[in-house]
Amino acid sequence: MRAGPPVPGDDPGPPTDRPTAVEVLGPADVGRALTRIAHEILERNRGAADVVLLGVPTRGLPLAHRLAARIADVEPGTDAAALVGSLDVTMYRDDLAQHPTRAVGATHLPPGGIDGRTVVLVDDVLFSGRTIRAALDAISDLGRPRAVQLAALVDRGHRELPIRADFVGKNLPTATSERVRVLLAETDGRDAVLIEPGAAGGAA
Amino acid sequence: MKHLLSVADLTREDAVRILDTAAQMAATQEREIKKLPTLRGRTVVNLFFEDSTRTRISFETAAKRLSADVINFSAKGSSVSKGESLKDTALTLQAMGADAVVIRHQASGAPHTLATAGWTRGAVVNAGDGMHQHPTQALLDAYTLRRHLVGDGGRADVYGRDLEGARVVLVGDVLHSRVARSNVGLLHTLGAEVVLVAPPTLVPVGAGAWPARVSYDLDATLAQVRPDAVMMLRVQRERMSSAGGGFFPSPLEYARRYGLDARRLAALPDHAVVLHPGPMNRGLEITADAADSPRSVIVEQVANGVAVRMAVLYLLLAGRNDGSAA
Amino acid sequence: MTTTWWLRGVRPLGGDATDVLVVDGVVAALGAEAAAQAAARDDVRVLEGAGHVLLPGLVDLHTHLREPGREDTETVASGTRAAAVGGFTAVHAMANTTPTQDTAGVVEQVWRLGRAAGWCDVHPVGAVTVGLEGERLAELGAMADSAARVRVFSDDGRCVHDPVVMRRALEYVKAFDGVVAQHAQEPRLTEGAQMHEGVVSAELGLAGWPAVAEEAVVARDVLLAEHVGSRLHVCHVSTAGSVEIVRWAKSRGIDVTAEVTPHHLLLTDESARGYDPHFKVNPPLRTQADVDAVRAGLADGTIDVVATDHAPHAREDKDCEWAAAAMGMTGLETVLSVVQQTMVDTGRMTWADVARVLSEAPARIGRVEDQGRPLAVGEPANLVVVDPAARRVVVPEEQATASRNSPLRGRELPGRVVATFLRGRATVLDGRPVDDPDRPGVAAGAAVGA
Chain R
1 MRAGPPVPGD DPGPPTDRPT AVEVLGPADV GRALTRIAHE ILERNRGAAD VVLLGVPTRG
61 LPLAHRLAAR IADVEPGTDA AALVGSLDVT MYRDDLAQHP TRAVGATHLP PGGIDGRTVV
121 LVDDVLFSGR TIRAALDAIS DLGRPRAVQL AALVDRGHRE LPIRADFVGK NLPTATSERV
181 RVLLAETDGR DAVLIEPGAA GGAA
Chain F
205 MKHLLSVADL TREDAVRILD TAAQMAATQE REIKKLPTLR GRTVVNLFFE DSTRTRISFE
265 TAAKRLSADV INFSAKGSSV SKGESLKDTA LTLQAMGADA VVIRHQASGA PHTLATAGWT
325 RGAVVNAGDG MHQHPTQALL DAYTLRRHLV GDGGRADVYG RDLEGARVVL VGDVLHSRVA
385 RSNVGLLHTL GAEVVLVAPP TLVPVGAGAW PARVSYDLDA TLAQVRPDAV MMLRVQRERM
445 SSAGGGFFPS PLEYARRYGL DARRLAALPD HAVVLHPGPM NRGLEITADA ADSPRSVIVE
505 QVANGVAVRM AVLYLLLAGR NDGSAA
Chain P
531 MTTTWWLRGV RPLGGDATDV LVVDGVVAAL GAEAAAQAAA RDDVRVLEGA GHVLLPGLVD
591 LHTHLREPGR EDTETVASGT RAAAVGGFTA VHAMANTTPT QDTAGVVEQV WRLGRAAGWC
651 DVHPVGAVTV GLEGERLAEL GAMADSAARV RVFSDDGRCV HDPVVMRRAL EYVKAFDGVV
711 AQHAQEPRLT EGAQMHEGVV SAELGLAGWP AVAEEAVVAR DVLLAEHVGS RLHVCHVSTA
771 GSVEIVRWAK SRGIDVTAEV TPHHLLLTDE SARGYDPHFK VNPPLRTQAD VDAVRAGLAD
831 GTIDVVATDH APHAREDKDC EWAAAAMGMT GLETVLSVVQ QTMVDTGRMT WADVARVLSE
891 APARIGRVED QGRPLAVGEP ANLVVVDPAA RRVVVPEEQA TASRNSPLRG RELPGRVVAT
951 FLRGRATVLD GRPVDDPDRP GVAAGAAVGA
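Chains as they are written, first to last, in the working numbering: chain R, 1 to 204; chain F, 205 to 530; chain P, 531 to 980.
By construction, these hints were calculated from the structure, which means they are not laboratory data. Note that the structure is a prediction, hence the values are computed from the model and not measured. Hints may be right or wrong, so weigh each one.
Keeping only pairs whose Cα atoms sit at most 20 Å apart, straight-line, the calculated DMTMM-like set for lysine to aspartate or glutamate is [unchecked claim]:
#: 1; chain 1: F; residue 1: Lys239; chain 2: R; residue 2: Glu43
#: 2; chain 1: R; residue 1: Lys170; chain 2: R; residue 2: Asp191
#: 3; chain 1: F; residue 1: Lys239; chain 2: R; residue 2: Asp95
#: 4; chain 1: F; residue 1: Lys268; chain 2: R; residue 2: Asp137
#: 5; chain 1: F; residue 1: Lys268; chain 2: F; residue 2: Asp218
DEER-style ranges, computed between Cβ atoms [unchecked claim]:
#: 6; chain 1: P; residue 1: Ala826; chain 2: F; residue 2: Ala413; range: 20 to 26 Å
#: 7; chain 1: F; residue 1: Thr257; chain 2: R; residue 2: Asp50; range: 46 to 52 Å
#: 8; chain 1: F; residue 1: Asp465; chain 2: P; residue 2: Gly599; range: 54 to 60 Å
Glycine is no exception: its CB is placed at the ideal position from the N, C-alpha and C atoms.
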């Protein structure tokens, strides 16, 4: 599995703390949350045999890899790499015309595909639900999974669609004007979740 | 990027972004469901003042795979042949709400005029203008070359890469060729080394200023350059008649001096590939041996054309129309 | 009778400021004498010269007035009004009208239209061959003997490319001291040509118009003129090679004259890069080296004349793709500014030289006897007053010509024509055409008050 290209359109800026940012989760918190989610996925699905983790680039993809590694730790005989795929939803978004052109990311499915399996979508922040809506459309063009579940590191509320997460690392009550940023070692050099006050709306 | 008129408008970064996007588009075309909802509600007009079924179908396929509505406007048999001007045609299309106009025109610069005269608000994509430019052809050629010459042939390996150091020989009617002009410019932008081979009558006065070497001797060039790719240009048989300009004495002489045949094919390095923008004149600029050999990527060029045109339409039409691009 | 004018403090040919008195269409007095006579009269109207340059009225050897045939783009009236605004008191109206100016009847019609309009003298150019077809000589003698007294013959727009026809024409016009003005363009070398053949055409993919297509004809024609001992005029020289050939011909004593257009003095083929057909012209805009050569040739006298090749075109013929566009650009109202910018302000020429290339030489070549005269007592008062310190931005919509195809839109140019006098009568004052009824055929009297 090769890493997909970076998606500049999704990246709000350089991953540095702004003076006003409040760190709500540190590296240890992120690690614990992921471990818990991994176990919940295994419990819910009675093992990992038919599970596929599809990370939504940019930061959903490394989260999916981390979850796969944790699952492989507790489920002997599981190949972590074979669990993970990447699902780029850019071309399914409903807000393309409202933003500068987004770079299209890579979609890769694990060798067994998704037909008849349980897909767990993995994203960093669940907000309006529109990204997940796009992801569901993308999945239906790729195959017919038995079920689709959703794992998010942070659920910050303010849903605009009837979508909920099956696995949540941390529920973060926020104001719509605030911005929630997830930093990961793979993409940003360290793990953290920040809340920044902002005039603009947060990332979806 | 508001329009795509000439490869001269593309920086290295622009061109690589188009190739990278094309790679993602190509990946979607290997799926069972090839259609993407991306450009739903957008209208793409194929405005063809010159016959080119291949290019039109390629653009039409690209637009439809992205769910855009496609209107084909062919000048043949339409009001255009009865003297309606480019301006009036453009105003009509504007009134119909074209978000993009893909234009093929026999006059060099017509797409430029369409884009700058204020007749249309949509994006203008040059699908070939006179002897000037055919930028999507050059992009699909570059995409094809990148796939074969850079990295190990896998998609993600070449992400972000250009054609630095690749040696490409273009052979044929450079004078009348928009494909040659587009490829010289884009290949140079992407860092490739370009050699043009043609009879002196088919090299434009002023080509000395191009970022390419010019040779009149194909055999010597193949031996000296050891090219990674040979791109054969279409030569029209009528160019030899005096009414057609009398550019060369006979097809036979042309084929003997500048055609790609089995002997010349064997002289190429093992990894070298053969390209042709089509349609081919078998027996003139290329023999069947060369056109159908495993070295030939001519059929693949056609498939890549759809992916590249999807990428161009995506980058021009998907985002907010304020000239910015990610 | 016409108004008596006291031009106070003008600088003849850019020299010291002085006064000029114009009475009954003639320069009546100069200097202190002019001031004294003016003070003694009560019918004098004063034009404050304020250091402006006084030149003889300009004479254009190459104007397209488009009437008869294309009155939608220009008429004799609108074109000559534009000419007056540009400082002209005489223009030569090219023969490529519809019908062609190839008979005495048509040239007389144009000549009379010019007289009726009254903005400047119109000297029709006669076609060399019938219908500009390049095959059979038109009735050159009949046109020469007509009321229009044609002395310049040209198939301009087309080249008299058949060497035998050209030889006959050169010989034949000797009978009435005429001149053949050749549009030098080898037709086979320029089939489908769109712009100068060189680096820019190669890049733009526009069919090239090689310099040699002009130079080959110029070379042939000077040799023909030498052989038959005739007078030859070369229209719109555009290449360094043509300048070189004319220079060589003059050094051999061949009776050849040459003209350059303002656009070939100013613009290059780089202008074509935007595919804006306002820069499409015949002969095409050439390279910077060619521009440098025609400037040098004009400065050293190799090129005798600046002629506008004013070519009005309808909007639809320029509002289109390059290949479909008509060739030509307007120039009457900007030529003096272009010459000032390229030749005077650069120190290559004096205002006396400007008078030579824009008035004296074209009048001499066209055998126009009452134009291009010295600024002296007793001479016809064909005059133009120029403010060289003024600057202006070209706005085609504000011009007097009926067409809008100026290549100089939006450009700032130096100099401005303040006033033009045709035989003592002001056709332009304060830079604007004087649309009063004080014209030939109209009762005088209610003219501008003193």
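Verification of the supplied hints:
1. F:Lys239 <-> R:Glu43: Cα-Cα ~36 Å, so violated.
2. R:Lys170 <-> R:Asp191: Between Lys170 (chain R) and Asp191 (chain R) the Cα gap is close to 14 Å, so the pair holds against 20 Å.
3. F:Lys239 <-> R:Asp95: holds, 19 Å
4. F:Lys268 <-> R:Asp137: Answer holds: Lys268 (chain F) to Asp137 (chain R) is near 18 Å, not above 20 Å.
5. F:Lys268 <-> F:Asp218: violated, 24 Å
6. P:Ala826 <-> F:Ala413: 20 to 26 Å: Holds - the Cβ-Cβ distance for Ala826 (chain P) and Ala413 (chain F), about 25 Å, lies within 20 to 26 Å.
7. F:Thr257 <-> R:Asp50: 46 to 52 Å: With a Cβ separation near 48 Å, Thr257 (chain F) and Asp50 (chain R) satisfy 46 to 52 Å, so the hint holds.
8. F:Asp465 <-> P:Gly599: 54 to 60 Å: holds, 58 Å
Hints 1 and 5 from the list above are not met by this structure, while the remaining hints are.
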